Amino acid sequence: MSASGPNAPQKPQVKSLNCPSCGAAITLRSFTQAVTVVCDHCHSILDAQDPRLAILQKFEAAVGEDRPLIPLGTRGKIRGTDYEAVGFERRTIHVDGVPYSWHEYVLFNPYKGFRYLTEYNGHWNDTSILRSVPSLDRDANPPTVSYLGETYRHFQTAQAATSFVLGEFPWQVRVGETADVSDYVSPPRVISSERSGKEITWSMGEYMSGGDVWRAFGLPGNPPEAVGVYENQPSPLSADTTKIWLAFVGFLVVMVVMLIGFSMAARKETVLQGTYAFDTNSRTDASFVTDVFELKGHTSNLELQTTADVDNKWIYLNYALINVEMGKAYDFGREVSYYHGYDSDGAWTEGSHSDSVAVPSVPPGNYYLRIEPESDFGRGNVYYSISAKRDVPQMSWFGIALLALLVPAGLITWRSMSFEHLRWSESDYAPSSSDDDSGPGDFNRPITLGNLFKT
Amino acid sequence: MTQPAANCPNCGAKIVFRWSSSVQTVCEYCKSILVRTDVDLKKVGQVADLPANSSPIQIGTEGVYNHHALVVVGRIIYEYDQGTWNEWHVVLNNGSAWLSDAQDEYVVTFAAPGRKLPAAGEAQVGQRYTWDNEIYTATTITKAHYCGVEGELPFQYWDKEDVVFVDLMSAGGKFATLDYSDETPALYLGEAVEFDDLKLENLRKFEGW
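So the protein lines, in turn, are chains B and Y. Each step along the first sequence adds one to the number in this note's numbering, with nothing skipped, and position 360 is 360. Each step along the second sequence adds one to the number in this note's numbering, with nothing skipped, and position 78 is 78.
So here's chain Y without its partners, still in its complex pose (with noise of 0.2 Å):
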């Protein structure tokens, strides 16, 4: 899976990219914000600090999702009003997904492009949708603020701000996620996970833990 060597076009140090679809990735010595064109990497912006953040969860964290192996390439981190949670950018056997981690609760989401999405500002809580024969109801609405991204990730995310999420929940445990970031809305489809389910591998120690 692991890609030939490129250096970053700002530092010169080595860029492995550990997915061959990732699309941008960020310098782990300057943190300069690279894209992948046809020829090269291009240098599109700069991550400053990250938020102190303490998932357990970092890039290259290995484990189990559905029988499939999984690891951690990426991610977008975000603050609201309960501090910051992640949005892990995971490559499984079978594609990639989102492994979200907001207080240490766990979600598994998936790309769910082609379905008819509510508009911005239309969808509030309580309100129903149905997607793929399963009913979701808004549960929260979180008005979040871009904090950086770090690793490679499936698309081109940077230099955003405030950006709105609409979480829904159906009867049957499953769980969606309508991302407001972009102009055209977004919808991810998925489900909460225990954390032990994960089998997950090379996480972060905590000091006393």
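Bound conformation, chain B alone (with noise of 0.2 Å):
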């Protein structure tokens, strides 16, 4: 191989040099791939490519020095790929006067290049320049840009200004330099499109927690807590949404086949009917028992059915159904009442003439019913019918098992709709009314997601 020819060219080194201004010490860790360096202390930009890093640029740090949270100089793992931060700068954007900011980091390897993350408010962004350009659809509303097939849709424009710098960058950095920056979203992806001047480079973003970054890179402590919803930050819902109305349509077919088929196998058999009178006028014990009926098959519900002769009045019914073999009894008390009358509103009513209740899990065998009634004093006869039924479907647990299937997939989904709701009003598209200072151009704005739940 001729690389191990007689002038083989030496292993690139990461260089040492002196600010030609403060003389404070300058590591270039990007060998000649970087463009300007930064130094440190005195904050001139150099010009990186030149052996005596001219000066390009002094810029005053007074306000606003910023420490990147990683540090130069570390290592992480991106993607599989070791890169190190060898630049950090801020860029600011102001609306009505205001500065938000965001930073970010150059990543670097000498065989892959360059790579960024992005910072703002806790939430982080994998970068990457994109090596074709993406298909850019001005007239939809909001305008989209296509890339691979996927659609994004268009969250933001802005002019950001480079508002700090450290280290190193492939590019020619100036503090002060703006550019137009619009984003087009599909979370968890994000592409970028900055103009300056005639060049226009396009980017794309992958959302990154703090958590991972920290994970990456090895930092000590925790990352800064991510606040609000941030343009691309993947819905944690949005996907659940989908999931669970697939699960609820799921549950919904079982649990039709299931209430025809317990439907189709009931019995439904009538084991006892009878019409009783109460004398209420009496004073002796009302109390009696019914014949002996049998219950068959298998363990299942008894169905009760108490209707009363009620006219503004009530009657109660203290019932025990006893096993005749084991005297096992199942005590419980049922009451129908109906009254009615007239007010300033005009007729009412209250009550019915009938009540229905089902015992459940009532074993085969034979059985007989102790009912005792009970009413107000001297109001003469109440007659009454039970019917009692063995083995009937309760449709009221299916009501109930489709509501508790109804009530989170419902929650989710208005969940995952505020989300987007907090999302979008971030936007140059927030809808006006719903926040008076969140016109176009408001950018990320801090928000919690305290929020979300406050409409």
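It should be emphasised that the hints constitute simulated quantities derived from the structure, not laboratory data. Only a predicted model underlies this, so the values are computations on that prediction, with no experimental measurement involved. Treat each hint with caution, since some may be false.
Claimed, not checked - Taking CB as the label site, the calculated pair distances span:
hint, chain 1, residue 1, chain 2, residue 2, range
1, Y, G95, B, G250, 33 to 43 Å
2, Y, T142, B, T27, 25 to 35 Å
3, Y, D132, B, A25, 51 to 61 Å
4, Y, V23, B, P99, 52 to 62 Å
5, B, D180, Y, N94, 42 to 52 Å
6, B, A54, Y, T142, 19 to 29 Å
7, Y, D40, B, A25, 34 to 44 Å
We put the beta carbon where it would ideally sit given N, CA and C, even for glycine.
Fit chain to chain and form the complex, with the hints in mind.
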């Protein structure tokens, strides 16, 4: 191999130089790939391609000195490749005179080149430059870009100024330089175009949590907490929304099948029927027992319907369903009452003439009912009928199950919609009525998840 | 593929061609630029020291492109406002191509002769051209400075000065370069490639990496 020839190039090494302005040590971590390097000490922006490091710009950092959360020189693994943090910049936009800033980290690997991490309010994006131009549809509302078969919706456009720099950059960086930045989102991804002069650079970011960044770079402590909902933050619920509705439909089908099955298999056999009179004028014990009836088949319910001829009165029945062989008793009480009349609102009624109850899980065997009626004294005879049916399908359980499935599905859908509402409330397309001060260009105003339920 | 060795007419060192169609090479020892004639090698120039450059690729690097084995046999090195970049001359088993590396962004292109090309100074950023049914938009115009050559090239290329390149991209992810370093412009068509997809071996090593 000629690489082992007589004048094989030296292994590139990290260069240590001195700032021509203040003499402080300058490290060039990206070998010869950096275009500009910033003196950490005196904030001179230097020409990294010039062996003498010509001074290109000096900037005042007295206001807004910023320290990178990932110290320059730290290495981390992104998508299986080691990258070293070599540069750091802060970029600022102004909305109604209020500055909003985010940070960008320049990452370098000598084989794979440059990659970027951006951070705003604890939200991170792993960003790289696109090698082909996405197709832009300006006429769509909002405008969209398409890239690799995916459509990204325009989120916002703002003019960003570089307001602080540190380390190395693979381009001519200057403090104060501006670019028009447009973001198009399709969570968890965002495509950004940056226009400065004639040149447009397209990049794609993918959302990363602070925890992922901290793990990737082995940083100590905890990452700053993410505030609010970020433009391309994946909704923690959007995947769940589809899933839960699919599950809901699945359960619904199962329930309907079960309902039909139970309904067909149910015996619905009347085992006892009788009409009785209760003399409320009598002071003697009104309790009595019915004939013995047989409950057949498997352990199942017994539905007991009570119908009473009550008119502006009530009857209360203490029931005991007693097993002849075992002596086991199921005690329960039912009230039937019906009232009606007139008041200023017109006619009114309350209660009903009948009541139904299911005694669950009654084993087969011979049973009788002990019945003890109660009512107000001296109201004459109250006639009532009882009818006991074995093995009746209970629709109410299916209703409760349906509700139990519907509530979480509905709740998750509602929360997911709230999340999307919060996301877009920070865009150029925020509904102006919902929030007076979130007009167009209201870029990433801090919001809290607590607002999610305060609508 | 390796051809019988010849000797450098300047220093007598052994010169080996890796590719039979190479027109020019540079002596590894004395850096003479040698051009093949029918009978022997003729010295046409001398390469000055190449600028420091940290491309991970070197002559002898091997890899794969589109299921074809590739080997790097030469390069042209240019200087522009973002530093230096390399046009690596790679030989595949079905011909020769260029693997350009600018700030570790990699593009593979093939010479595309016989197309109608805009004259020098005519192409502007944003202008569109169609070649081989693909629409390309000019994205950057680069004024570069020739810095030197190394290894084998498919044509004579030496003693250049300022050269202009126009880079173009298509919506379908294709890449094109218009090279105005000769009187007649040349077109190269290809695409951006991922470093990992090239499965490169025999790369340079970097201190600490």
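Now the hints, each set against the structure:
1. Y:G95 <-> B:G250: 33 to 43 Å: Since G95 of chain Y and G250 of chain B have Cβ atoms about 57 Å apart, the given range 33 to 43 Å is violated.
2. Y:T142 <-> B:T27: 25 to 35 Å: holds, 29 Å
3. Y:D132 <-> B:A25: 51 to 61 Å: For D132 of chain Y and A25 of chain B the Cβ distance comes to about 52 Å; the hint holds.
4. Y:V23 <-> B:P99: 52 to 62 Å: holds, 59 Å
5. B:D180 <-> Y:N94: 42 to 52 Å: Holds, at about 44 Å.
6. B:A54 <-> Y:T142: 19 to 29 Å: holds, 21 Å
7. Y:D40 <-> B:A25: 34 to 44 Å: violated, 53 Å
Taken one by one, the earlier hints fail for this structure at numbers 1 and 7, listed in ascending order.
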